[in-house]
Structures are given as structure tokens and as C-alpha cells.
Amino acid sequence: MPALTELEAAWIEARADAGFQADLARLLGDYAGRPTPLYEARRLSEAVGHPVYLKREDLLHTGAHKINNALGQALLAKRMGKTRIIAETGAGQHGVASATACALLGLECIVYMGTEDMRRQQPNVQRMGLLGATVEPVEAGARTLKEAVSAAIRDWVTNVGNTHYIIGSSVGPAPFPALVRDLQRVIGDEARAQMLAQAGRLPERVVACVGGGSNAIGIFVPFVDDPEVALVGVEAAGDGIETGRHGAPLTLGGRGGVLHGAFSAIMQDEDGQILEAHSISAGLDYPGTGPQHAHLRDTGRATYEAVTDRQALAAFQRVARLEGIIPALESSHAVAWVLDAGPSALDLICLSGRGDKDLAEALSALESQDPPAA
Amino acid sequence: MSTGVERIAAAFAAAPGRAALMPYLMGGFPNVAASRAIGEAYADGGADLVELGVPFSDPLADGPVIHAAGTRALAAGATVPAVIEVARSLAERVPVVLMCYTNLVLARGVERFADELADANVSGLIVPDLPLEEAPAALAACDAAGLALVPLVAPTTPEERLARIGAQARGFVYAVSVTGTTGERAGLDATALLARVRAHAQVPIALGFGISTAEQAAAAAAAGADGVIVGSRLVRAAADGEDVRALVAALAGALA
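Protein chains in written order, with the working numbering: chain C, 1 to 374; chain S, 1001 to 1256.
Read the hints as simulated data drawn from the structure, not as lab findings.
It is possible that part of the hints are untrue.
Claimed, not checked - Stretches of chain C that chain S covers, calculated by requiring three or more beta carbons in the stretch to come under 8 Å of a beta carbon on chain S: (1) 1-8; (2) 147-155; (3) 247-258; (4) 269-280.
For every residue, glycine included, the Cβ atom is placed at its ideal position computed from N, Cα and C.
With these hints in hand, go ahead and build the complete structure from the sequences.
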């Protein structure tokens, strides 16, 4: 708790400091590549029958929105005098982003990663090594994101004196969800202004994938006070919600619970044991979700839907062939929902990351499908 | 029938040695029946109280030994009701303090959970991931059921927070000897921590995390602990089929 209090105070101070904000803005601009384009996807629009715009977070340095948060938190850690950074990663994007930020700022970096995810995301494991980070394999449980978060939290409570934990999503104990939201809302701030400038209107729907939910909260927040804009979070239905093999606690409903220090929607059994999630997308393979999303759901401001591995794979291929963009499997979930969601005046999709990291996994899954999708 | 709070106070007061010995038992590990037998062996070896852990899928405060034991217990079919039944049977021998993560408490509802524990003659409840700020509902439910809600403090807990924790501590204060998770460690000096806690607590102080040997247990008592909690070492012993009764007896002997 004292570490969380210290972090919260440091963040409130940094957020209000023009010097800190200027440093962050410079890194996000010159180094990471912000602002990212808002792209009207004409062929995709034609295919679904209504205009679709993509917020191109996949074009950022390291290939996903994760760098927004990693740069911000690494700068904050440096300001707090921490010399050692730990992070968890599922798909590897947050691990790569953290390793990148640490290389840039001269900080030691240790990334916890489940061994199943290391297998699925081998290129990102190699990237982290090249960037000078140490990848700590996590063998517990299903060897995916949930256990990696637990391992990182255990490290943090042990080494809190010199260590900052760059959590990768809008999960974990306060103030982490708020900190990550603040650092990711740049996505929505840019997109809202670009939308007005390019289309002369706001979107009817803003659609983003939700695992922990950081890209979604980042793009949602600036639209929350626009009642005419529907906010749609898309979770991983995995093999299908009815099979129990999914990563869709918000869609599932049921009572909330505490995972990793936050009360939110979680997948749990009758006793309160946390269940294993399943998704083809390592970044959505998490049985909890950010508490802000549970709040948006419960207040009715946002809705949450889920699409299966199969639907996501089909969308992955469609976007590649229609637009020449290979999206991350995570982001493919958001696209997949739009493909089937019916008419809209205009949809804005957060294309949170690029799919290079997913090629091996996606191609092997497509090969084993019968009949082939798309 | 005495309340849990009273049974804990009596156990600390009656402990024959310099400090009460509270070995930790993973409920349902390696299976429910065997864990009950291990708890009996603790009592036979001279345990003054037993800390009974409820296995949880995501035990953030635990190191690898207890985490692995919990995982095995769950795989062997341990449920919360089954562990409560282990508690009920052990409580006939020695006061039982249940160690249980927040989500398991919330899933049953804090009042129902406290009532079920009281019905099983459990004396106290430790919720390692329940911060002070979130504790009022659990404290009220435990107080109503006569159950001691035992708080944890760590070397990093600031003075002002220690004071607030001490003021609402029931049964005893669980002083965590190190920053980090449960598990065996080489060197420990808790004198400063114990003195800081003592200034704010009207109940006994038990020291845990990292204590594995008789020498460390004796040192904890010498440093001012009223109780000594030994966990991972005994769980490892249970996993390896060692004689846990003899280990507990040796620890008790070191505190005599």
C-alpha cells in the first residue's frame, strides 16, 4: 500500500508538471511516431456497407499502443528515482515497449512472461533480449498473462525500494488503472479531433478490443461525454462463450471479484477461484478486465461483446486483403465485431497493434481450420 | 462457548515457551484427508495455534512453495467448504486461524463466510490482500461472529498506518518480517519492526514470512515476537514426506 500511495502522489505531481508533459510529448512525437493517422478504410467500408475509420496505433514504434504507456511510466519511474523496471507481458507487445523505453532511458528491465506466451510470441521474446531486457519465464498456472502479472506483483512487493512496475494494461490496484488510462487517452484525444477534421462528425460507434482494456479505455475516454457515440468493447470469445474457453468476463456478466488488486469483472468459479482464460490472442488471454470497463458496462455507457477465435482469424485475413494492413489478432477482434454488427453511420475502430508477431500462430490456426475461413 | 478472539488470547497467554508456535498448514494439500492428518501432527508436535491456508488460484502474497501446494490442493479437488471442515476438526485440538484471499471471502459474502467460520469453531481470519481501507465490512462481520480479523503489517508500513492497523487489530497482529512473499530465507532481524508494531498494538504480535529453522524461531522470540509462524518449511516437509510432527516439536523446543 505505501508503494501505491507513493506512486499515486508521484503521478498526480508529474501529470501537472509542464516539464514532464513536454518530455513525454516529445518522446511520443519524435520517438514513437505520434500522432498516428486516422485512416478511412475504403475497401473495408465497402465490404461492410458503411464508413469505417481505423485509428492506426499499429504504426507506432514497436507496433502497438503499448508504447504510449511504457514511455510515460518509464519517465515517471526515472522521475521517482527508480533504477529497475519490471513488467509483465502476454502478447509480448508491452514487454517490447517496456524494454524499448528502458533502453532509451537507461533503466534495467525485467519482463515476466508465461512460457506458453513465450512459445506463441517467440519474435517478441527475441526482440526483448536484443533490447537488453531480461525475460523471466513464468511456469505457474496456464503459463499466460495472469501468472505473469502475479509474478511481477510478487517481484514488486519484494523489491519496491528501487523498482517500478510498469503494468501493461488498465488493471491492477489503484492508481494503476487511472495511470494507464491517462497515458492511453492520447489515442482518443487524437482520434476525436481527427474524426471531426476529416469526416466533419463524430462516429456512431467507437469499437476496440478489450483484454485488460488499455487501448479501449484510451480511445473511449474522450468520447464518454458524447452521448450520441456508442462505445463498444470487444472481448475474446475464444472457442465460444458457451464452452467456457474464452476471455470475456464483461460479456459473461455474473458477480464481480478481486483479481490482482482490483475489483472488476472476472472469470471465477463458485468458490471464487479465478478461472483460466482462453484466446488465440495472447493479449486478450486474461480472466479479468480493467475496473473502468466494468463501471462503463454497469452504468450502461459502454457495451461489451465477444467474438470467437475463428471470427478474429477471418477478420485478420480480411483486413490484410482489403486494406494491405495486417492487424494484431487482438485488434482483429474489434474488426470482426464490426464485420458482423450491422449498419452504422460511421464506425471508428482502434487498430491497436500490428500483426507481425501473430503470423506463426495465425497461419497455423488457419491451416488447421476446416473449412478455411475467408 | 468462548469466542474466537478469546481462544486466541488464551492460546498466546498459555503458550508454555517464550512465544506461541503457529505452524502454517495448506488446507487440502496434498489432499483433504492428508492435510487434516498433517494438522493433527502439528498439534501433537506442540503447536499452540494453527494457521490454516485456503488454497487460492492466484496467491499473490505467497512464494513458490506455498503457491505450488495450493495449486496441487486445488487440482486434488480442495474446495472452500472442504477446508472449513478441516478447520472444524482441527479446532477441537488447537485454535485455528484461517488464511484466505479476498476473492474467496467475497464470493461467499463476508457475513456468510464469517458465520460459517464461527460455526466451525475457527478463531480468526487473515486476509492477506485486504487493505485497511477495504476492511470495515469484514471487520464488522468478524466482530459480530466473535472471529478475530487479524491484520498484517510489513517493514514498509508507515507509522501512521501502523497506528490505524493496531487500533483495529483483533486476536494478534501478523508482522511480516520481510518485504516480499512467503518463503524460507537466510538472515532475518525483526527487532525494529517488532518494536514499532508494539508501540501501536494492544494484542500479541506474531512474526511470519521467512522463518524456517529452530534458530530463526528462537531469534524471533528473542527479538520480541509473541508468536512465531512457520509456513513454507513445513509445507515443503509435507510435500517431501518428512516427519512434520518432529519438525514442529523441534520448533516448539526452540521456543521453550
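Each hint tested on the structure:
no.: 1; hint: 1-8; result: holds (count 3)
no.: 2; hint: 147-155; result: holds (count 3)
no.: 3; hint: 247-258; result: holds (count 3)
no.: 4; hint: 269-280; result: holds (count 6)
Figure legend: structure checked against the earlier numbered hints; every hint is met.
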